[in-house]
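Undergrad: So the protein sequences, as listed, match chains G and W. So the number in my numbering is just where the residue sits in the first sequence, counting from 1, plus 110. So the number in my numbering is just where the residue sits in the second sequence, counting from 1, plus 96.
Certain hints may be false.
To be verified - Derived coverage of chain W by chain G (criterion: at least 3 residues anywhere in the stretch with Cβ under 8 Å from a Cβ of chain G; other residues may be distant):
#, stretch
1, 112-119
2, 123-137
3, 321-334
To be verified - To give an idea of the interface, some chain W residues facing chain G are shown, with a C-beta separation under 10 Å as derived from the structure:
#, residue
4, Thr103
5, Ile105
6, Glu106
7, Asn109
8, Thr141
9, Asp142
10, Tyr143
11, Ile145
12, Asn150
13, Lys151
Please keep in mind that the hints were generated in silico from the structure rather than gathered at the bench. From the three backbone atoms N, C-alpha and C, an ideal C-beta is built for every residue, glycine too.
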Amino acid sequence: MNRLFNSFKSRIYFDQYLFISITLLSIMGLVFLYSASQGNIETTVKQSLFVVLGLILMFLLSQIDPDFYKNNSLLFLIFSIVLILITMIFGKEVNGAKRWLDLGFFTLQSSEIVKIALPVFLAAYLYDKPLPISLLNTLISMMVILIIVNLVRIQPDLGTSLVIFIAGIYVLFLAGLSWRFIGISFGTFILSLPFIWNNFLEPFQRQRILTLLDPNADPYGSGWNITQSKIAIGSGGIKGKGYGEGSQAHLDFLPETETDFIFSVIAEEFGFIGACILISTFFFIMLRCFFLAINARDRFCRLTIGGLSLLFISTIFINLAMVVGIIPVVGMPLPFISKGGSSLLSFYIAFGIIISMATHKKLMQK
Amino acid sequence: MIDLNETIIEKKNFFNRLVFVYLFFGMLFLFFLYRTFSLQVSSFTDYEIASLENKTREILIQPRRGIIYDRNRKIIVNNRPSYNLILKPSQIDNIDEHIEMIGNYIELSEEDTLYTKENFKRKAKLNRELVLKKNLSMEEIAKFESRRYKFPATFVDERYSRENLYSEIFSHAVGYVGSLGDDSLEEILNDQNLRSKETIFKYSNGYIVGKTGLENTYDKKLRGYFGKKIYEVDASGKLLNELKEIPAKNGEDLYTSLDISSQIIAYEQLDKRRGAVVAIEIETGAIVTYVSSPSFPINKITNGMSQADFNQLLNDKDKPFFDRAGQGRYSPASTIKPAIGLYGLENKIIDWEYTIDDPGFFVLPEDNRIYRGWKKGGHGNINLMDAIIESSNTFFFSLAYNSEIDELVNHLSHFGFGKNVCIDCFIPDDGLLPNPEWKMNTLNFGWFKGDTVNMGVGQGYLSATPIQLAYYSAFLAKKGTLNKFSFIQDINTTQEDTFMSNNLVDDDWKNIHKSMIGVIENPKGTAGRLRDLKNYAVAAKSGTVELVSTETKEDYQIIREVEGQRDHAIIIAFAPMPNPKYAVSVVIENGESGGAVAGPVAISVLNSLINNE
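The shape of chain G in the complex, shown without the other chains (with noise of 0.2 Å):
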């Protein structure tokens, strides 16, 4: 029994660490949005849904070998860019942005598919290029990021654009981008801040970075969210005011509870605690993450663990800095917290990718 049992356990490929964590936070999750949301049960449940397809979809994904995602990447990046083209053609437009592609089960987010593709193709397009990475190489993977960026950023999705940026480019320093390299755009990136201000964004994403320079300039306009936000964090205290207690999310004062502001609802209810409790699971995470790509099995699965477990990382701290007014307010959801289906699916997938990526080695090495 024990010996079928173990004979079982080498067979699978499973990262119990990473297993158990992204479980009780997709728990804790549901437990929050339930509150979140007003008590509404079709959105608690519709999210449980999505959570246990999530997790099987994770399990799947990190039984196969990370040759078969290497090999595919391109594939799949092109698959992603065309739901992406798609999108914009047929999408379903939502507040002014076409983001959405309606699959009649399930309305899809197309920028949340190719966040995931992009990382695995770069590492896979860099893993065998010798160090430093060349110019070319360098100038080849920044076309692609910045294509794919600038797909998602005419949707507009701002947010998510900016992530698959931050995303790609961790994949290239990781791989060895050249320091002179990075000196030089970024100096570059310096010098044309002005010329992205008033050529790339806009007005209202203008607004939003005044606002978060003095959100008190207009605290019932453009700086309500900021404000009620901070109130509604300040006035947890540190124990909070206990589960559904939370007046500010309760009585609407609190923007996008069940998304961009979920944290805001947990740490009024929850208080410090809670939010410590919550960014500890994250911490651990980001640590097994850490570990877990220095001890992959080659170059192609450091990189990809790296950039994906970073891309998490990114994302976890855009939507915290958000939602405490340290950055502007973007679009971001609160991975594995958040309402949204393609964001915690998209997660779900690149944590299955991590644990092929960390469990699968070399027949060699066995």
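Following the hints, position chain W against chain G.
TA: This is chain W only, laid out in the frame that chain G set:
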């Protein structure tokens, strides 16, 4: 392909770079944690308050204003309930239909209907109430109440308006109330620890404040404290549910020393003539009668009157809004004589035996200017007592001539001249007690001896309000010691004034009283015709205020053709003698004779006060 050696370098490189990025994120997370900590722990209190302010709104509950009583516990000012028809818009689907249905039972004006329709949506959204009609009649209430079941979202609500039961009688004493401006409202809210920003003013909060008279002086006591209903609200400001109710604390009732019967007598006796009556309970300094005439209808002022009616009152040449009792300035004229006599005694310029020869006029030695008495040929050889009884001018011209102006002014100030004699009067005037310094500063003229001489008979610049004259009267009656006046009985904050005399003895005061009784009782007294109007002894001194200086009686006949040029009639009195309980002062503008015109009014008021006890 990269070789093994390169793989080792690559691995190290990757490790370094990953550590670099993770450290970067580690720092960001630490910063984030710090930020969360500072929000939730360091600034917790601020944000807790902000959150509380966010989710609560306070609706004020108006306190009932205190009732004002007279000294016999009879109500002067009460709160009259009125009834309004109120809608709860959030529970009504079709406002047009609803109004039409109600219109079947209660007549609704176009204005009311329009207002309701305009404000319906907004009020419904915020779950607030809306007044459909104000001041329902009893019939309308009955009609509506019997059909109440048809209108679950409509109800009759009670509110109070201020009602003075003696509208014209107490206009100046009690004063009126009115709605208050935003500034004073904020002040009152601050005073009661209410945050005006979070406060919702319901229609029924229509807050009133005392504007004049006692309503103003004792506004804080009468007004009470707002109660409040604290509601939970959502972000749109919609009232969700009541969290807490703090009941209003009603205003304290005000028990005044005013006497309704004497007040009515004074009002009737003045009979819309321009003038004032003030009567005092001597022992306590309590004001029992305070009437200024002509008066105005106080309830109409409080509860709304047409602009035309209001303008008519405002432009009335008799100035009904002017409080003559507290703010009218009149020369005391001959009523000053007992005080001047006391000055002579105090400073040993004269004694009761001292006489002068009164030829009917006084010649100022400096410039031979002649100061005339009222009686041609004079009063002959005359002492102080007779000079008061017969009201000899020459005696007092001469006495004043022999006095030091600064000492005289100081002396008169003890009798209430030139100062506020009342604790709780509404904007009391101090009258004018002139001295050389004042004359220089105001008129840019030096003080003449003639000014002092004029002051000896209460003419010239010297002027006093009726309440000051009443104080003077009571001060004489109580022999130089008196409480400051007040409208409130049993006041704990009595302020006593005592005249510190060096040379006056009780007999001097008694003789003054005696001479003032003689003003009425003595055959030569100037107010002899009051003799039969009462059944007790009264001490009095009448006065006639010359507005235009005339040499002869014939001249006066000419100027009196114009009513406004006729002399003012004035009298002070106290009774019953020898133990006076009440002091009174009466001024009737252009009444001509202190004894004959002002006198009967004073006696009527004293009768009412003394005989009704």
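Undergrad: Hint by hint, say whether it matches the structure.
TA: Results of checking the hints against the structure:
Taking a C-beta to C-beta cut-off of 8 Å, the stretch 112-119 of chain W contributes 4 residues in contact with chain G, enough for the three needed, and the coverage statement holds. Three residues within the 8 Å Cβ limit are the bar, and the stretch 123-137 of chain W against chain G gives 11, so the coverage statement holds. Coverage of the stretch 321-334 of chain W by chain G holds [criterion: at least 3 residues with CB-CB distance below 8 Å; count 5]. Residue-level restraint check for Thr103(W) holds (minimum Cβ-Cβ distance to chain G is 7 Å; threshold 10 Å).
Given the 10 Å rule on beta carbons, the hint for Ile105(W) holds: about 7 Å separates it from the nearest Cβ of chain G. The interface hint given for Glu106(W) holds, since its Cβ lies 6 Å from the closest Cβ of chain G, which is under the 10 Å cut-off. Because the smallest distance between the Cβ of Asn109(W) and any Cβ of chain G comes to about 6 Å, under 10 Å, the interface hint for this residue holds. Interface hint status for Thr141(W): upheld, as the beta-carbon distance to the closest one in chain G is roughly 9 Å, under 10 Å.
This hint holds: Asp142(W) has a C-beta 7 Å from the nearest C-beta of chain G, less than the 10 Å allowed. Interface hint at Tyr143(W): satisfied, since its Cβ lies 3 Å from the closest Cβ of chain G, which is below the 10 Å cut-off. At a threshold of 10 Å, the smallest CB-CB gap from Ile145(W) to chain G is about 8 Å, leaving the interface hint in force. The closest approach between the C-beta of Asn150(W) and any C-beta of chain G is roughly 5 Å, which is under the 10 Å cut-off, so the hint is satisfied.
Restraint check, Lys151(W) versus chain G: the minimum CB separation of about 4 Å is within 10 Å; hint holds.
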